[in-house]
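Generate coordinates for the entire structure from the input sequences, incorporating the hints supplied.
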Amino acid sequence: MDKMPAWADAVLVPLISILLAALLSALVILAIGESPLDALTLMIEGALMRSSGWGYTLYYTTNFIFTGLCVAVAFHARMFNIGGEGQAMIGGLGVALVCLFIPFPHWSVALLVATLAAAVFGALWALIPAYLQAKRGSHIVITTIMFNFIAAAVLNYVLVNLLRPTGAMDPATATFPAATHLPTFQDMFATPDNPLFRGAPANVTFFLAVLACVAFWLVMWRTRLGYEIRAFGHSESAAKYAGISPVRITVVAMLMSGGLAGMMALNTTMGEAERLVLNATEGAGFIGIAVALMGRSHPVGIFLAALLFGFLYQGGAELALWTSIPRELITVIQALVILFTGALDNMVRMPLERVFLALRKGA
Amino acid sequence: MDLLTLLQVLDSTVRLATPLLLACLAGLFSERSGVFDIGLEGKMLAAAFASAAVAALTGSVWIGLLAGIGAAVFMSLIHGLASITFRGNQLISGVAINFLASGLTVLIAQDLFGQGGRTPSLIGAGRFEPITLPFAEALSGVPVLGPIYADLISGHSILVYVAFAMVPLSWWVLFRTRFGLRLRAVGDSPEAVDTAGVSVAGLRYGAVLICGLLCGLAGAYLATGLQAGFVREMTAGRGYIALAALIFAKWRPVHALWACLLFGLLQAVALRYQNIHLGGITIPVQVMDALPYILTVIILAGFVGKAIPPRAGGEPYVKER
Amino acid sequence: DPALIYDLGGKFDKSFNEAAFMGAEEYAAETGGSYKDIELQSEAQREQALRRFAEAGFNPVVTTGFSMSSPISSVAADYPDTKFVTIDGYVDPSEHPNVLSILFSEHEGSYLTGVLAALASDTGTVGFIGGMDIPLIRKFACGYAQGVLATNPDATVISNMTGTTPAAWNDPVKGTELASAQISQGADVIFAAAGGTGIGVLQAAADADILSVGVDSNQNHLHPGKVLTSMLKRVDVAVRESMAQGADLETGVMMLGLAENGVGYALDDNNADLITAEMKSAVDAAREQIIAGEVTVHDYSSDDSCPALSF
Amino acid sequence: MTQAPAIELKGISKAFGPVQANKDINVRVMPGTIHGIIGENGAGKSTLMSILYGFYKADAGEIFVAGRKTDIPNSQAAIAAGIGMVFQHFKLVQNFTVLENVILGAEDGPMLRPSLARARGVLKQLSEDYELSVDPDQLIENLSVGHQQRVEILKALYRQADILILDEPTGVLTPAEADHLFRILDGLRAQGKTIILITHKLREIMEITDTVSVMRRGGMTATVKTAETSPEQLAELMVGRKVLLQVHKTPARPGAPVLQIDDLRHTDRHGVERLRGVSLTVHAGEVLGIAGVAGNGQSELLEAIGGCVDASGSILLNGKALPLSGPGSDGAARRAAGIAHVPEDRQTEGLIMPFTAWENTVFGYHRDPACQTGPLMNNAAIKQQAQDKMTRYDVRPPNPALAARNFSGGNQQKIVLAREIERDPDVLLIGQPTRGVDIGAIEFIHKEIIRLRDAGKAILLVSVELDEIFALSDRIAVMFDGKIMGERAPESTDQTELGLLMAGVTASQAGDPIAAVDASLHQKERREARAHD
Ligand SMILES: Nc1ncnc2c1ncn2[C@@H]1O[C@H](COP(=O)(O)OP(=O)(O)OP(=O)(O)O)[C@@H](O)[C@H]1O
Ligand SMILES: Nc1ncnc2c1ncn2[C@@H]1O[C@H](COP(=O)(O)OP(=O)(O)OP(=O)(O)O)[C@@H](O)[C@H]1O
Ligand SMILES: [Mg+2]
Ligand SMILES: [Mg+2]
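Residue numbers (this note's numbering), protein chains in the order written: chain H, 1 to 363; chain D, 364 to 684; chain F, 685 to 995; chain A, 996 to 1528.
Hints are supplied without guarantee of correctness; some may be wrong.
[Stated by the list, open to error] Partner residues aside, some chain D positions facing chain H, computed with beta carbon under 10 Å: (1) Gly457; (2) Asp474; (3) Gly479; (4) Tyr603; (5) Gln649.
Hint data in this document are derived by calculation from the structure and do not stem from the laboratory.
Glycine included, C-beta positions come from ideal geometry on N, C-alpha and C.
Pasting the structure below:
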């Protein structure tokens, strides 16, 4: 018998953790002399009460779904990929290269090819850490951190010295040709008399992200590969016994992970900026960790957690817009959410287990 | 390269290596006890801010130093709570601490000083001044050795000497004292320590506190020794480099010294010689910038000998499932 | 009311954005009006902030930083009644008639500081320390080097960039080390165009008792008597003027160079003793020549090359 | 005589989450005696002793030491009360020296040097007094398990324990080493020390203890004087019913050789050569039993044949050579070739504990086309088959959707067996088939193995339980230090002879067997130590 029903572990624990994080965040807001309640109202109104608010929320959500899935694949294989950030940067490079240099007839073709490029570039950036982990036991956490820094240097070099249009100030590529511009929610849903999602950056990649969730579930729980990844993640010795190659699984899982991180660039680079800028990832790779943890590495959970963080980002933007709360508050809230859902989850789980045990004994 | 240039590069190396060394030794204590710590960066940052802020408010760098240590220790305690008491994931706790420090420092700084996450510039007794060692002036005329003593060894702030003194001290504590024996044991086999009647949690908290103390020194050195105030994100990834140095050093104090000096040297060289021209090829500055990270990966790949972490490292000690 | 959007560096970067903030404050003080401002947090917020402010009726919407130009291009048409100002960015006025692009001739201002640096230097070696290695910073460096070499053809200009990631804007420790390295190579005047990293450069220069040159705002007060001058980029004026004009703002492209007093060098009580009469006359002469078109300062960003410095 | 008991436990209870490991346990142990505790795996013996040693905290109950009620919240308190414990799984710091391990937690002061110096002297004295010689400067990871156990005993004695708890000390020892240990215990008893000895081997209980307590399913069923009981009675107390440990089988009718192994060698990650040229043949329709003390290469032998580790030499299956390294040498390939493998450790190898039972029923065979529909796995079919298998093998509860960790050890083993046997393999490798399995399940498993043999399969059995080896094998091979020491027919040998072989002593080495054992063991240790340098 398990100590606690599965639903409690999957729903109750993260929920209470989030509440604790929210409580502390409220205290922080109080401490800097603002009203937590007003802040929350503002956040909800700005993020959820208007279609363009949703357009931003879902834009951020798209990023976090990809990075959340990226971290989750690695988690399933018992690896901690902290390099989503760098993989997404390099994924963006792949997107930029195909968008700039291949003349596409239609955005759909462009999206298809760019997806491939993003995934391949992101995956390749994860390959060396994966290989070193598999073959040489180099701790993947450290190597992926290092690869984040190296990716930043690579991207800077490429943008400043190679891809920047002459005379441009921005360390960014030229704007992609119009044929590669992806339809935004506004393009898709707005009608002349009902201008929905005006100006919001959410675009078709959101559906790609949802598709990725479904594919993630299929691969993880319905294919041999997913079976092997999960088995390897739970027990390496057992995997060896079953003839599952640790090297292969480590490398394949990290390739998938890097590929998913790379695909985040579709949203930021092709969907939103329509050019590659230096700072396109903006820490989404790290948020992916919190998203995967809160979502218990399951696509449904990841989707919901990504939505929560999307809300936090968009709501935080509204806060910055209409109050004098510094933008660092959002960083603090993120930190608290990661801390409580990721590292201090046992603080919630242990007492809960005791409660459930007592309930069962009582019954 | 003439002696003078060499000395200057080495001098710069010493300054750049000092925060790395302190953070590296901090990580060493923590990880030797079995608690992995990728939150060195955040602790250093918190300490840098607290020391500069309090030094600015009180005008005393010493009170600032204490505050810096206090801030880093506080962060350590959060890490301890998560990874020792509540057996959480140590890596995630570290990530959270880095975020927390990055946000809180600016938030508080803004609230206190309204200078956009910066502290006011420290003046006079608010910062650590370089110390001129005895006879430095007199001896500087002596060929070779004179300049080495006067320029390289003398003329740093007190925390530099503290940092270097920490190396033999750490070694002695780890390998010559009862505390050190137990600390090493708990990182390798916590159940052996437990059954020997010593508290695993107690030892680990002890180690984590020392880690906080040393990170506090590192952060205070950045903000009040090298600089005259705090600037947001001023640690600029040094915590991660320190971590890399720790692995390179295979969790040994004296090796840590050499590893940090090496990384310091790399940075010093990269700063002095950007865009190195080798024959027809120009090595772009980005390569020099990324060199420490590339080197770390190469080291990790085992081309420079395999690094085996403490056996129980990263795993919470769970007695009852 | 007008609104102001700061670039990612944040409101209090002690230089560019802070100058914008000062301008807005001046506007508020002078006119008794009020304004709204926001510090951006992410790339996607650029457009969002523009739209939200435009929808809320703020006019004009003033923005700082070259990165705002492309979001403004995509937003401007949706709000034809709102005036947008992009400081440092360029938006084609024929496509977007409601946008004012304000550009500065940083190379010209830097040229003047180069003249002063060359004159103040005893060693004939001067330094430049940039933040992240991006074209704008190279533009500063290039103008500066031209000014130095025009004044003293035998001078040496040492130029360093702090790094290649955004961390390079906030690494005063590296700034200090770079400054020390340049000092040991003989530099006795160092120009820092490096955001928070520059704080470390100015500090190191002051500690080593040599001169430094500040950037964007007047930074002379940071170390009185130790900062030779600051390369002024009158973002504050640009912001104040734009705000003051309100909804009637004249749009188009505005090039603020020496002639318009958009860039220049700072002279105040803090550095009055450092700038001798000869220096002042020399630098003012250079200024006149540039304004008169007798001297052209090469703009790095026009062709990504620099005659006076290699990167 | 009203001497106070050295130890008295009253009403001790302990639950691990939903598992009630100890319920209301009462026991008294008189000073200067050896008190045995027996019970099946999972009966709660280790838990009880760990409570006494302060490693776990009891949920309820009281502890009296020498008649005084004593609180033992942690091991420090237990040590202070004069209790020492040698755990089933040693608690040593692997990269410390013997000396450092001995003083850990019992240092004299904040500086190490004086403590080490004193300990060196004390250790020398102790090892002379009790025949417990071990090199104080050797690293633990370079010592054999037997010597590691000595270090554990020395640790307790160094702390001046009056009461010594030994948890299954003989599981890792050869019969000769076990004899030596018992002599030491005898000596300690003579000095007035109290000893609690945990084992599930009845023979040992009868041999050395004064009194014995029996545990079953977390409870204490009885405490009796050893002299007044019999093995049969103890077994009955242990299991709760009359036990029949006899397997009924007809003589084997071996057919053609199926598995031919020649000069098989394997070196582990640390560079220790674990298999040093093993040659064996298993015929169709026979059980070849491999006897040996744990850690002499039996595990590696199964792993090498099962494809879990690389090896050199040759393995012929039905006359065809199998690749031993590189592609096609992994466990999946071996399964495809017809070798099924029941691993020694079901929890870390045979099963994925968080997976459901049905997922586990195809573990290792998940690449079989029968498990697929198109690119996906055919979960419906797998579940259906899992249900059938679980019913046939009487797995309780027969719910395929339950996670493997929620089954008891015996039922977990049945899931593994069902999976491997149902594949109808040519060869069945089976390691420790009944470790941690209750008597009822043991009977079932033994019958299955014999049924398979009679169906003409070749079976290679590894077990550390000599009784099991004798009960099932048609031939017995003994392994020591990575080599086969000899083969015997079960009818023509006995436990003594096998015991000597297990210690590396061949019949030709006449004279003092114990000395010979020591010599060969030392030789083995030196080899392993060298490999570590
Ligand atoms: N640390 C623990 N956490 C949770 N459950 C435990 C723990 N230790 C033991 N158990 C459970 O408690 C029960 C009793 O275990 P214990 O180790 O005391 O048995 P034992 O009699 O020593 O068995 P063995 O002969 O296998 O050593 C078992 O069901 C076991 O699974
Ligand atoms: N780690 C665990 N987590 C959850 N439940 C457990 C755990 N260990 C044991 N259990 C539960 O406790 C019960 C007893 O487990 P245990 O392994 O002690 O059984 P057992 O009495 O030894 O049976 P068997 O003789 O079949 O091994 C099992 O049925 C199982 O449901
Ligand atoms: Mg036990
Ligand atoms: Mg059991």
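*asked:* Let me make sure I understand: some of the numbered hints might not hold for this structure. Which ones are they, in numerical order?
replied: none
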